[in-house]
Each structure stands twice: as C-alpha cells, then as structure tokens.
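Between the sequences and the hints, there should be enough to build the whole structure, so can you do that?
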Amino acid sequence: MVGSDNEDLAFIEPYLKGSLDGKHIKLHPDFDHPRTSKPARTVISTDIDSVIYVTHELRVKGVLKIHTGPLKSGTPPIHKHNHVYVHLLPPPSETQRSMKLDRDNWETRRTPLSQIPNTHFGEMGDFKVAIFFPRLMHQDTTSRRRWVTRVPDEVHDLFLDEVLYPALQWVARKHQGPYVNVTREGMRRRNGPRDAAPDKLFLVNNVQLIELQEKMDDIIAKDIDDQGLAMFGSYFLVGDIRGSKLLATKSTEPWADDKDAATAFDVLCKNFPGLDWDHMMKPKKGALYMDFGIAIHPDDDKTPYVGLWSLHHLRASYHYAGFLKGNVHHAAQLRDLGGLQAEMSKGLEYATHINFRSSYCLGFEVVRRPGKQVYSCDDGDAYTANQTYQRFMENQLHLFKLAQTNNWGVRDEIRASGLAVQMMLKGWRRKVKEFMKWNSIVWVPSRVWFGMLMRRLRAIRATQFQILRMDPQPTNLAIVSSVLMHMVRALTITPVVMKAYISAALKDLHQGEKMDTWGIFFLKCLDLQDHKVLPDVEKDDDPHILQDFVGAIAQRTLAQRRMAQYAKQKGIVNDSYPIGQNPTWEELESEVKNMPQRIMGDWDWDNACDAHADAARLFVKMSKSFWEKGFQKDHFLPAIQINITCLEDAMKSWSIQSIINSVISPHFLASNANYPGSSKRGKQDVPFEKLREQLYFCPPSTATKPNTKWRYLVEGGYLRDYHQYIRDHTPEDVWALDRALNTIFMKIQCLPSSSA
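The sequence shown: position 335 = 503 (the numbering used here), numbered continuously.
Any given hint might turn out to be false.
As the list claims (entries may be wrong) - In the SDA-like style, the derived pairs of lysine to any residue whose C-alpha atoms are separated by at most 20 Å in a straight line are:
(1) Lys493 - Thr520
(2) Lys915 - Leu696
(3) Lys368 - Ala340
I should point out that these hints are in silico values taken from the structure, not numbers from a laboratory.
Now the structure itself:
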C-alpha cells in the first residue's frame, strides 16, 4: 500500500503505471498474501436464488392474479438471456407449404427464452407469470437482425379482446360476472382525461386457472371468425421468482437455521406455499429450473476479509465438470483472481440437467444495482470531467471506504433442474468442505483490497484531470478517456466492450500480455509529459469516435464560449485591475478575504483631511482608545506598539498593510456599500460615513449598555468630548465638525466590526 493518502498524483506511478522508484511492480497474490492469511472461521450457506418454471399446464394452490390491461412497459418480462432453452419445431418451408408436401424434417430447434415474444400474464406475489408466443418470432432486419421479443400493441390488443377476455368471462362464476364484464374499449372510455391506462387484475383459483387455459386453447384452435388467432397457438407459460436467496437459505450458523426445514428447497416451499411444488417437479408437466447457490463467508472478529476465487482452480473445476469455456471475469484486471461463468455443454446438459454455472466474488455487492442499471457514468462525462463524473467517482470512493470494515465472501451458483438441485442438496456440507481443501479461495484483508481499489481509482481520476489541464489537449482525448473509464468499471465488474475503438485501444495496449507479465493490467506507456499521453493507441479521434461524444463536445464548446464571454465582460486585467475591470461581487468578496491589499492598494495621506482641528483631535482620540483599550493584547504580534501622534498616524493605523503588520491573523470582510452594478449580493452594507453617524460618533441621545467599553467611551472617552462639543456649539459648528469627520471616515480603508 504505497503512496500518500493526501496526494492523488502520487498514486499514478505505482497503481496505474506499475512502477515505484524506477522499478517495475509485479503482483502475485500467492506471494503478496500467502494462503496462510485467512479468516479465523468461515460460514457456509446454501440457497435457492431464483426459480424458472416452463409449462403448458400451470397449477397453483393459491390465487393467481391475471393481468387484463394493455402493455405498459417497453420491455417484455424476459428480455435478457437467462440460460434456459426450449425446443421448438420450425414451421414447414415455403416450398412444402406451396406444394402441400408432407414435412420431412421433424428436428426441433433449441431456442433461448429471450428470443421468443412474451408479455405479462399473471402474478402471485413474487411469482411472476409471462405468456410466450413462439409463432410470433421474427427478427428486426434494421437493427443487426436482433430478435424482437416485445409483442406489438395491436397484436396484444387482439389477444386481449379475442382470447383472454372471452376466456375470463367463461370461467367467471355468476357472482364474479360484473367484475369481468370488461373490454379494452370500456376501460378506455371510463378513464378520465389524465388517467393512465389501467391494468386491472382478475383473481382466479386453481380450478378456474385450469379452465382458463383450456378455454384459451379452444378459442385459438377454433378461430370462428378467422381473425388470425392461429398466431397465438403453441403458447406456453413461464413463471419465475427472482432474488429469493434471503427467503430460501440454510446456513452453518446454528442460530440462523430454520429447524423445521432440512434444506434450502424446504425453506423455499415454506415461504411460497401458494405454488404446487409437487406438480412443478414432474418433468411431464413442465421444466422447473432453480439457481442453487453456495456462499462461503469469512467470519473473523479482528480482521475483515475479502474472498477472491483463484481462476486457476476455477478453470480446472469447470473443465472437469464439462462446462464450456465461458466468460472469465478478472477482478480489478488481475490475472489470477476473479470469477467465471459458463454454460454446460449440450451433451452433458441432457445427462446432468445442469444449464449454467456462475462463480463470483461477493465484493461485487458493494456496487451492485438492481436490474440492468448502469454501474458508472458515461465516457462523455469523463471527457469533460463534469459534475456527473466527479460525483460518480466520489460515490465509488465512499463505497470502497465503507466496505473496508465488512467481510465479503465468494459465491458459486448453478442453474439446474429441480430434481438435480434436490440431488445436490444431499450432503452439501461435506462436499463444500472437501472442495475448500484445494485452497481455491484467496483471502485478502478488506482494508488492503478496497484500499488498493481506492488508490487505483484516485490515480485514474488524477490522470484524467491532468490530461484535461493540458494545453492544447490531446487529439485522441476521446480514446484516452474511454480507456480510463474502462479501467474504472473493471475495478468491480467485467465491462462488456461494445465499441470497436475501445477494443482496438486495449489491443494496442496489450491488455492480455500486460496482465500475464505483471499480474495486473498497467498502463506502462502512460506519459503525462508527452502530448500523446498513450503513445501506443491511435493518435487522433476519428469522426466515428467523436459521434459517441457529441454531447460532451457540445458541452465543452458551450463552456468555452461562456468562458470567452465571461472574459470579455471581465475586461482588461492589469496592475490597476488585478481581477478585471468588471468583477462580480463574489470575486471581489473572495479577493478581499484572501488578498485585500491587491484590491485596496496602498493607503495615501490626503491633506484635505486635516482641515478641521477638532475633527482631527477627536479621530486621533478615537483611534487611540480602540487600539489601546478596545482590543485584547494577545491579538497583536509580539513587540508591536501602535504609536499615534497625529491624524495621519491615526488614519494609517486603519490601513490594510498596517493591520496585517500589527494584528495576528486578521480577517477582512468586504463591504458592498456604494458598490455599483447589479451583481452585488445579500444585504446592503452601511457606508463608513453612516457608521460614523450611527455608531462611532453617535448623538448624545443614543442609549448604551452598562458595563461595556462603549459606556466608558461615553462617560470618559472621546465620545464624552464629542457630546460636550455638541452641547457647547451652534448647529452650524456641529454640522461642520460632522462633515469633516465624514471626510476622514471616507478616506480610511478599514473599521472594526462591532456594534453598540
């Protein structure tokens, strides 16, 4: 853990370039953290994280809510590949249909669920049911021939009007008739002008659900009015439960166990009693898939740990079990640590009933977000280092800091049939303990792991800021920013590289070779003194790359235009106008606070101030009273004595330079009194001449608080002399005295902040 926590730039060399004091850094977990470094204890838990049930005959023990409203979401219930397949029989070819030939090919096609159009059908709590229409399968030729899985609104409306609504009315009991006597048109006309489209739910029990499916089959098969209902034929239902690991878990912690449930599957059945699990387990009734998870958690009271899978051991385990090559996830771009995901080979899938396996580190939960929400800001935000980028980086750093005090284990998850999962649950504790003997987990203290992530992230941020400060900026700023953002994402996830220019840049940087050589990906060619920054990548951003940064470029152009406009408004900057001819009030306020002498300049004596002898005498006496008795002695610098013998000395004592030379850490506040322009902010300050009248030379009628220094000044100080002068002289003489005092007050630079 090299580098200073107070300086991000110090992290660039060791954590981004991989060098320290001219020597290369090579990371090897076995050497840096030997296998003897591990938590005192581990807790092992099993759970059922999700359930997927594909069937033509859905049965329940509770009540299922049927959706009867129009589509609301732009995405279907299952639009992402979940590693579950069905076997579809392709329709006859055009030639066979035109010539009315018998089908000669009865081979089915293995098709993922995510390619079949589907929409919502019903729900029972967390158990969501979707209906799939295989005959609607088609590809969008305008978008890389992707499969279109959202049912078109017109087609969905036809299904509601001609299939679902008539079937619901058929199965409804007499007392339920008024509640299901609905149509889309009727619901639409009942809406108010601002009402959203309703999604009315109709409840059916198991008997009604069976009748509903049979009636739907009958309506589609007959299609009396020839409305094209055949497109809905061969439909099937898919029910799924997602994220149920906390509701269906068994642990080696005795106090965490459910005594009434022997396995995680028993806990699942107990928490979802509305499902007919015995029916779902029958292969002839449908295909039941479960995500069986095993988690290994560190349990150490003294040192929190992070568990990281050894990729060497994982690859061997996956290969031995017959999984495909799959996708390797390198934790923080480390060569030997991370996770692995792979599907089972087709041949063994039929024999083992196992579809998919995923092994990952639970440290991912630090940044995990639900669904498919993005885990970072856009590359365009880094391109300009805007507020979104800075906020995201700060949030990541804060999350890593919080994670240092917690334990984070590892997880191994297998998607298999319900019967296969039941077999796996037998003797799972013995199997896991046997597996752990192979030392396939590297344990790293949480402080070390997340501390490394924090420093690498700060190094990336410091590099981005340094690049943006260059003048001129690199001609390949978009490519460099994308590479740095890729490294940011790779700290916690394995980002999918969708852009060709990022893939090309990582290839030019020899990402794989660097990881093999140094144990982690370092930017060895990074040079912040060179205008090219990363000499190994393309030297310029071509127009295709800049298309992805149009918004960021527009923002930067607008910012530059605003800066130019601001500079124009600011006017000339020179010795007479150190912050411009037209500064804002905020700029003036800040400058007076930090460098008041730049704004105020040197104080100069004006002989016109000494035109009235009594005014000069009173101001001298006022200044002596304040400097000698108004302030504490410890406010002044050592061996400092303020000598006031004349009016010039008194007025000079209130200058910026005199106060800086005499007072310890003086604090200057700007006054917006008489400040021209509309840019001043806040309450209007009182001018010095008004302060003279209201406070420093107040009239005799002004009340003062007892036991204060102001009372002393009134009873025996300069204010007593001033009040005596008012009583002894004519109004004309008093007016002349006040006018002379105002002239003096308008010529001084500072006054103490005080009140009577």
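Here is how each hint holds up against the structure:
no., hint, verdict
1, Lys493 - Thr520, "18 Å, holds"
2, Lys915 - Leu696, "52 Å, violated"
3, Lys368 - Ala340, "15 Å, holds"
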